[in-house]
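These protein sequences, in sequence, are chains A and B. Numbering (numbering that gives the first Met the number 0) for the first sequence: 0 to 392. Numbering (numbering that gives the first Met the number 0) for the second sequence: 0 to 134.
I should point out that these hints are in silico values taken from the structure, not numbers from a laboratory. Ideal placement from N, C-alpha and C gives every residue a C-beta, glycine not left out. Just so you know, not all the hints are guaranteed correct.
As the list claims (entries may be wrong) - In the PhoX-like style, the derived pairs of lysine-lysine whose C-alpha atoms are separated by at most 20 Å in a straight line are:
1) A/K274 x A/K285
2) A/K241 x A/K372
3) B/K36 x A/K166
4) B/K64 x A/K166
5) A/K166 x A/K285
6) A/K274 x A/K311
To be verified - To give an idea of the interface, some chain B residues facing chain A are shown, with a C-beta separation under 8 Å as derived from the structure:
7) P9
8) V59
9) V68
10) Q73
11) F76
12) I96
13) G124
Said to hold, decoys possible - Some chain A residues flagged as far from chain B (calculated, every beta-carbon gap over 12 Å):
14) G87
15) A137
16) S151
17) A160
18) R165
19) W258
Next come the chains, spelled out residue by residue.
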Amino acid sequence: MTRYFEKNVAVSGVGQSKLYRKPTVYPFDLCVDACMAAIEDAGLTPADIDGVACWPAAPPHVGHGTSSASTTDIKNSLGLKLNWYASGSGPAQYASIINAIGAIAAGYCDHVLCYRAEGERWVPTYGRAYVDGSMPTAEGFQQWTLPYWAPSAANWIGLHADCHMRKTGISREQMGMIPINQRRNAGLNEAAVYREPITLDDYMNARMVSSPFCLYDCDVPIDGSAAVVISRLDVARERTRKPIRFEAVGSALHDHESWFCRTDWPNMALNDAAKMMWSRTDLTAKDVSTAHLYDGFTWLTILWLEALGLTKPGETGGFLEGGQRIALEGELPLNTNGGQLSEGRLHAFSHLVEAVRQLRGEAGPRQVKKDVKVSVCGAGGGVFGSSLLLVND
Amino acid sequence: MTELLPRPLPNINEMNRDFWCGGADGRLHIHRCGACKRWHHPYVAACPACLSRDVKAEPVSGLGKVKAVTINHQPWFPAVPVPYAVILVELDEQEDIRLPANLVNAPVEAAQPGLKVKVCFQQYGDIFIPVFEPA
Chain A
0 MTRYFEKNVA
10 VSGVGQSKLY
20 RKPTVYPFDL
30 CVDACMAAIE
40 DAGLTPADID
50 GVACWPAAPP
60 HVGHGTSSAS
70 TTDIKNSLGL
80 KLNWYASGSG
90 PAQYASIINA
100 IGAIAAGYCD
110 HVLCYRAEGE
120 RWVPTYGRAY
130 VDGSMPTAEG
140 FQQWTLPYWA
150 PSAANWIGLH
160 ADCHMRKTGI
170 SREQMGMIPI
180 NQRRNAGLNE
190 AAVYREPITL
200 DDYMNARMVS
210 SPFCLYDCDV
220 PIDGSAAVVI
230 SRLDVARERT
240 RKPIRFEAVG
250 SALHDHESWF
260 CRTDWPNMAL
270 NDAAKMMWSR
280 TDLTAKDVST
290 AHLYDGFTWL
300 TILWLEALGL
310 TKPGETGGFL
320 EGGQRIALEG
330 ELPLNTNGGQ
340 LSEGRLHAFS
350 HLVEAVRQLR
360 GEAGPRQVKK
370 DVKVSVCGAG
380 GGVFGSSLLL
390 VND
Chain B
0 MTELLPRPLP
10 NINEMNRDFW
20 CGGADGRLHI
30 HRCGACKRWH
40 HPYVAACPAC
50 LSRDVKAEPV
60 SGLGKVKAVT
70 INHQPWFPAV
80 PVPYAVILVE
90 LDEQEDIRLP
100 ANLVNAPVEA
110 AQPGLKVKVC
120 FQQYGDIFIP
130 VFEPA
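The following block holds chain A by itself, in its conformation from the complex (with noise of 0.2 Å):
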């Protein structure tokens, strides 16, 4: 096969910030908390950083709010000498991570920071804002939603998880061993926001939001931040602590981009994405050994599973009832750190982070026992999805 280049390239540092539930601490500060302990974590200093990415694009000099740190705010916070930057567009929450691939391939640098920093809680009227009984103009993709009172990604994939369990049979108390799972990881994760567990019942009787979700479906806005150093392979072996290699990527969008009108719908993005990865490796989803994907919905995390393999559609109620074979002891252990649903929304970072702790046996009391060589992430759903495959070599 192709030698692709993302296989000359690691993660050679990652870092996290506090977890904020409620504003506390400036969310661009927390951005840089989590910069420089990726940095750190790697072995390298703010000197060596040549390049610099974050997704989506963040407005200079404002440090809250969905994207809270802008490349420049970060670039002059920590004196980075940059041969490359970019933030904006791209595949999905990893648009960075697969940008700074390309860089490094293009040689312009050896060690590209990248990073997702979330400041909404930050922001007064977060989750309030027509409590005033003002209503919003409904513009770019939002206008095809706002008119019908469908503000929330919990409206729209909704509508997706109605039409696909109907299809095929997974029932909420199936869908619902994802999050009670990951309550459990989040006990022996000190980051978490949420650590206390959750049981079936508590499950099955919260409020509702938009069905087939109730609130435990849906993750938990915070005020965070995390970061990882992306180094070319052959300079993070001589340089840094401890680099874990990406065996692929995906980031592929091959059909119509929308969220409701994919000739192939209930599929989303995430579908070519992970196609696209395992089209440029040997390895296979056996090869799997802890998979870290995208719950911003209990519901996007089914859909990669069958997106990637892990699991057969029409086979995923099966596979999570009861919820042994998610757990930590499992066979396919699923979102270790506890996830968007219990550490904290951090658009897929946070899984980044967790799976190279999990593949250098770093993760402390929530490590899998197992040997683990391989680990998938996946981010994203709708019109968002984009995947790595990380391995331990």
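Chain A is already provided as a structure; the job is to place chain B on it using the hints.
What follows is chain B alone, placed relative to chain A:
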């Protein structure tokens, strides 16, 4: 006529005017390729199937079926009582023309996959929001 609930309204531009304002004639307008006759939504300036530039809005039958339903319980908008149904309608003309919408003139429980529906409009000034009622 019952008073309409407030809705967030789209900003009208050349890419969406046919869809949001076309209902003034009582019909739903969707873009269609004049060469290969495929329907496209939203706006395209060339047909992605055959690359013809002859794409323009045409009225559709307004008939479709409910493909999926989500019952929204979260009170996002204080003026809008919950729960309410958000439906995804597949138009009879072509199955991948799927429109999020609300079901009107029917109770929330009537929103079920497979329900045959037809378009009707709620007027807010120059904007005619397409919604669906049981056919």
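Hints the structure fails to honour: Failing hints, ascending: 3, 5, 8, 13, 15, 16, 17, 18 and 19.
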